[in-house]
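A.B. asks: Chain by chain, the residues run as shown.
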Amino acid sequence: MSTVILLAITGLGLGALYFLVASGLSLIYGVMRVLNFAHGAFLTVGGYLGYEAALHTGAQARSWAGFGLALLVGAAAGAVLALLVELLLIRRLYRREIEQVLVTVGLGLAAVALVTGIWGADARPFPSPAWMARTTSVFGAAIPNLRFVCILAAVVVLLGLRLLLGRTRYGLIIRAGVENRSMVSALGIDVRRTFTAVFTLGGALAGFGGVLTALYNSTVSPSMGDSLLIFAFIVVVIGGLGSVTGSAVAAAGVALLQQFANYYTTSGVGDLTVVAALALVLLVRPGGFLGRQVRLA
Amino acid sequence: MTATDSPARTAEPASVPAGRARRLVRPVVLLGLAVLAALLPQLQLSVPGVLPGPTWTAGSLQLLAICLLTGALAVTYNLVFAVTGMLSFGHALYFALGCYVFAMLLEHGRLPILPAALLTLLIGAAAALLVGLVSLRVTGIAFAMVTLAFAQAGSVLVLRNVGGLTGGEEGLGLVSARLPASLVGVDNTQNLYWLALAAAGLVLAAVGWVVASRAGRLMMAVRENELRVRVLGVRPYLVRLIAFTVAGILATLLGMVFLLAQGGASPQVTTSGFTLTLLVMVVIGGLGSRWGAMLGGVIYTLLDQRLGVLAASRQVATLPSPLRIPLSQPTFLLGALFVVVVLFLPGGLTGALTRLTGRSASQLLSELSREEAR
Chain A
1 MSTVILLAIT
11 GLGLGALYFL
21 VASGLSLIYG
31 VMRVLNFAHG
41 AFLTVGGYLG
51 YEAALHTGAQ
61 ARSWAGFGLA
71 LLVGAAAGAV
81 LALLVELLLI
91 RRLYRREIEQ
101 VLVTVGLGLA
111 AVALVTGIWG
121 ADARPFPSPA
131 WMARTTSVFG
141 AAIPNLRFVC
151 ILAAVVVLLG
161 LRLLLGRTRY
171 GLIIRAGVEN
181 RSMVSALGID
191 VRRTFTAVFT
201 LGGALAGFGG
211 VLTALYNSTV
221 SPSMGDSLLI
231 FAFIVVVIGG
241 LGSVTGSAVA
251 AAGVALLQQF
261 ANYYTTSGVG
271 DLTVVAALAL
281 VLLVRPGGFL
291 GRQVRLA
Chain B
1001 MTATDSPART
1011 AEPASVPAGR
1021 ARRLVRPVVL
1031 LGLAVLAALL
1041 PQLQLSVPGV
1051 LPGPTWTAGS
1061 LQLLAICLLT
1071 GALAVTYNLV
1081 FAVTGMLSFG
1091 HALYFALGCY
1101 VFAMLLEHGR
1111 LPILPAALLT
1121 LLIGAAAALL
1131 VGLVSLRVTG
1141 IAFAMVTLAF
1151 AQAGSVLVLR
1161 NVGGLTGGEE
1171 GLGLVSARLP
1181 ASLVGVDNTQ
1191 NLYWLALAAA
1201 GLVLAAVGWV
1211 VASRAGRLMM
1221 AVRENELRVR
1231 VLGVRPYLVR
1241 LIAFTVAGIL
1251 ATLLGMVFLL
1261 AQGGASPQVT
1271 TSGFTLTLLV
1281 MVVIGGLGSR
1291 WGAMLGGVIY
1301 TLLDQRLGVL
1311 AASRQVATLP
1321 SPLRIPLSQP
1331 TFLLGALFVV
1341 VVLFLPGGLT
1351 GALTRLTGRS
1361 ASQLLSELSR
1371 EEAR
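Protein chains in written order, with our numbering: chain A, 1 to 297; chain B, 1001 to 1374.
Keep in mind the hints are simulated off the structure, nothing from the lab.
These numbers come from a predicted model, not from an experiment.
Note that beta-carbon positions come from the ideal geometry of N, C-alpha and C, so glycine has one too.
No false leads were mixed into what you were given.
Facing chain B, according to a computed beta carbon distance under 7 Å, are these residues of chain A, among others:
| no. | residue |
| --- | --- |
| 1 | Glu99 |
| 2 | Leu109 |
| 3 | Ile230 |
Work out the full structure, taking the sequences as your base and the hints as a guide.
C.D. replies: Okay, structure coming up:
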């Protein structure tokens, strides 16, 4: 029993990371119709800059303050990077969807290579508060505390996104933009500013997720973003493109499936099971679970 | 006139009524290129900075063979992406499958080379068909993600070294005992080069034939106007499936030759990054034309190779870090080049050539690729 609980909670911790990446991807796609292949690079850059920020605090690196700073810096780095990419590259290519994908592909390759050039190809240990590595007993299962931190962060982000999309004027504009872009423009609202805001928000979520991924892996490495990105894509397709709630449900489902399959069979089977699940979903519901029409919140 | 004719017809460049003389240019130029390529191992041509040595040396021949195979792989990707309009991120899967299954059948299956090759082709065809059947249920961006997921599954299988069959991160060596003597050893690199040249030529011809066929016209029609194809009573799903499977089979073939040319299989070809580089090649070369894709593949491979040499050189190591770090990462330079091409050179190198020289050089290229040009 305790094994099942352990697997379930660690699985949800992994699902939290998937959600942080997938929600940004899904939002960006839903509003802008841009599939952002640079999202993994945003995550990696956020993770590394958060790592540098934590190291800069010196003796404080392993304190909560150091970790909080890392999270802030990571999110800010992701946001700034995404903002620049949107203004300098994506904006020039509005309505040319394939070119937008291509630009993000090139950017993702280049950014990850640059990170490798600066910090080296090998993984580096990520400093985190000692409490994170300790365990808490839940019904007899010893769960590393950092899993709870990841889950908590994802839940806060999910609630925040739902509030933003469902209760604010910005959210209203975003949802309206998803439904009918030209009508929103016709009503005198600058859709481009919405695009920039959504892309930046996605970047911030990715950078934030980067620091949490570093915490989860207890290392930073150049490939950490892209290895998450692929599963995030699967999550987005299963959850339905453009649906934040769908992403959350699918992230939890995919991560749990992966975790249990990896434990009860051999390592690697979990990853394959996830791909098989994706194939199954496509055969049954080609639009994903919550993606009949593109919708948010 | 049926609607299926129209995409091909609109694709013809304006220079068609140029007469018989021009119609002769194409086969003559092609033949010349083929003869030159076939004679390279016998010649002593040096291209400093591009090839590591004169063309008859083993190092240069191997690099050229890899260039040809990668270029031809880009041509098969072009069939999927530019001709049929499917953004697949899993095309390298079939190439990797050709590489690995062939190596495994030779090493673990202990099959002779020809049955092993045939069986690999069959497995590659079956895999492409199966993946196509499932992933073509969605289109557009979702299709891109799904193909990526399948390719990732392949990569996981190889890297986790399931059953000790794939060698994990080490890759698989080639058992020379089961190969004909003419394909083994440094002295026989020229045979491998010729094999690669033949494979690339076969793939170019096959893709050209498919594109010119009725099915090929339907592929372009599906890209341009899916609804119209539907109205004509043809299922776009089937057309896409044909393009996807044909490209997969050809990629499997190239993967097998790549295994021989490399002398082993490395897990690098299974990664999603490798498929992304295919996309980069096709776009850099110029979308939609076989020769553009081939050119893009060759140039990318050469750049990757030479930039790698540059990155490891002493001149770079002594530079200050703001210069040294970007220069030491070929992928960074290539990724940045790619972004620049997408932003400023729509149509890639072939497109740029057309605009720069107006007629002369571009005429040649458009002659070569007229049935495919967008």
